[in-house]
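**Q** Okay, so the sequence shown: first residue is 1 according to UniProt numbering, each after it adds one.
Derived by calculation from the structure, the hints in this document are not laboratory data.
As the structure is a prediction and not an experimental result, all values here were calculated from the model.
Straight-line distance between alpha carbons at most 30 Å, and here's what the computed DSS-like set of lysine-lysine pairs gives:
id, residue 1, residue 2
1, K342, K318
2, K80, K691
3, K56, K691
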Amino acid sequence: MAEAEQEPNAAGGAGQQHRVRVAVDAPQHSGISGPLDYLSKRPLAPGSLLRVPLGKRELLGIVWPNGSNAGEAEYADPAKLRAILAVLEGLTPLSSTWCRLVEFAAAYYQRAVGELALSVLPPQLRELDSPQLQLRLKRMRKWVAEQTAEANQAAPSQPTLSPAQAEVLAQLDALLGEAAGKGAPQPVLLYGVTGSGKTEVYLRAAEHALTQGRQVLVLVPEINLTPQLEARFAERFVGRVLVSLHSGLTPAQRLRNWLTAHEGHADLVLGTRLAVFASMPRLGLIVVDEEHDPSYKQQDGARYSARDLAVYRGHLVKIPVILGSATPSLESWQRANEGRYKRLALPERIGGGAMPRVRLFDMRLMPLSKGVTTALTRPLLEALRLRLERGEQSLIFLNRRGYAPVLHCSECNWKSDCPHCSAWRVFHKGDRTLRCHHCGFSERVPAACPTCGNQDIAPLGRGTERLEEQLQEQLPGARVLRIDADSTKLKGELESHMSAVHAGEVDIVVGTQMITKGHDFRRITFVAAVNPDGALFSSDFRAPERLFALLMQAGGRAGRDAEQAARSEMWVQTWHPEHALYKALAKHDFEDFAKSQLAERESAGLPPFAHLAMLRAEARTPEVAKSFLDAASRWAQALPEAAGVLIYPCIPMSVARIANVERMQMLVEAPSRSALQRLLWLWNPELHALKREHKGLMRWAVDVDPLAI
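Using the sequences and the accompanying hints, generate a full structural model.
**A** Written as structure tokens, this is what we have:
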């Protein structure tokens, strides 16, 4: 930090004192919603980082633009103002557009502006003084020089575009040309079937932006997709500086990559949802790959949607935003129907390869015999043997990890429930543990039933671990590999597993949803989904949409090599083959599925035809949580702004207790976004007051545009 500022108040200070507004990392429950006023011996540029006192603490803060709408400064009386402590010298100030993005997100998602602004910066910035920062910047510039040393190498040859890709890129160029100088271009929804070459469109669009001297931001839903896409971009853009931003980085790596982007040295930034807040002074294009994925929604703290903020950021900076997916979210699809987004389509796979043929197997008609289970039916085993004989790879999709979801005693009906959560503990055979996937509580498997002493306790249902074991038993000699959160816990395991699949060292891949997203498996010709029916009858109205997307993505892993596409298949073992979702899946007809789902949503008054927020409360007892939510409901319903807004009675969450904390929620539904925001803006201060009145209430939070209800 620079030399410390003097600490006298305005009355006793020597020389002219300048008032500066500073956003500090004060959480929402502190009651501080906007920037605070401090005194400085010299003017400071908006966006400068500095250290300030708050109570007895010393915090990192950001000089906030004076035109901010993020709330009034806490202390208007100069006699109460304190001096800043030090300025972080040598760092380019954060831009005004970055501050406006954060300000909008904080207001929309009902968080304190300083809390959000500081939470999206690298944590190591809080620990640095000015000399340490100078050293980091020096190291960063040396690293950048090493990355650009390859600039003179020949760039790889580009693949020939398909007619559909060429048409999409021509329309993109025309759209951007029309928008130049006329404001923000229309967001583009790139709707392309799996294997249609969406990534090549991203690469060409990025090349166009880079030749104009601009930076490119590419968002992916999950960390495990980042290295794969990063390799594609690094191979294409030799000598360009490319950095990634995601939670898998070390603190030092995250700081270096953020500084590289912030100082304008990074040409391309690839990252997960947090990267939507990356400081990029030359930003010229934003790409959101797999835009439908729920991973773009933050589930704690500021519960923002990175996809929606990417669209807002594009509007703010007046740059193009490309949202890509084979199964777009129904919100994005409807916006395209309304003409708010420009829909461009890639309806065929590269090379003219066919989509895998989908076969629905009615489990009610499947005969069972020795060694055959409801997951591994005889037809499925025969299909796998056929692929083994051909030397082809298969993929089995089961969206449940562990060996079995529960252990069960047939004598007294005991089940392996979690003592701290309203959920079952999952049986993991590999380490002989019962593990709660919610709170992490783990114990060794008991030798006998803890209730009645019966030694014959058995697993109920199956997860990927059990399915892997059964495949090895039924298909001896087959090379079976399980890929899920348990088998990829250690650093480098996921990359190693993926390399083995790509190298043909695996015959059958068993996994959860992490293997269905974006991976370009060239040798897989057969995909089977076992036990997918659970989501069909969920109380969550988005469950069918998520299931359809998962199954379409899973099927899309088959037949990506044009020579093998003709014999690629996807099998779905279901107890409800007549369900409309499976009928649409069998025809690869997303448009028909979307049409029927949107009609249902409109008739039920659900998003995207209504706007929701969820008020959640956590307490040691359900009574306290319910009392808080009921009081909040009564207060809100008395407001004139509540006219036309529905506030539903509070109910327990789907998993009502986690780690001995009781959780309840209350849904708010409004006909318009503005009506919802007006109510929430008035409601927020009262919720803080109600928390103080309800002893035993641990936390409350507002989730705007919740993904699950």
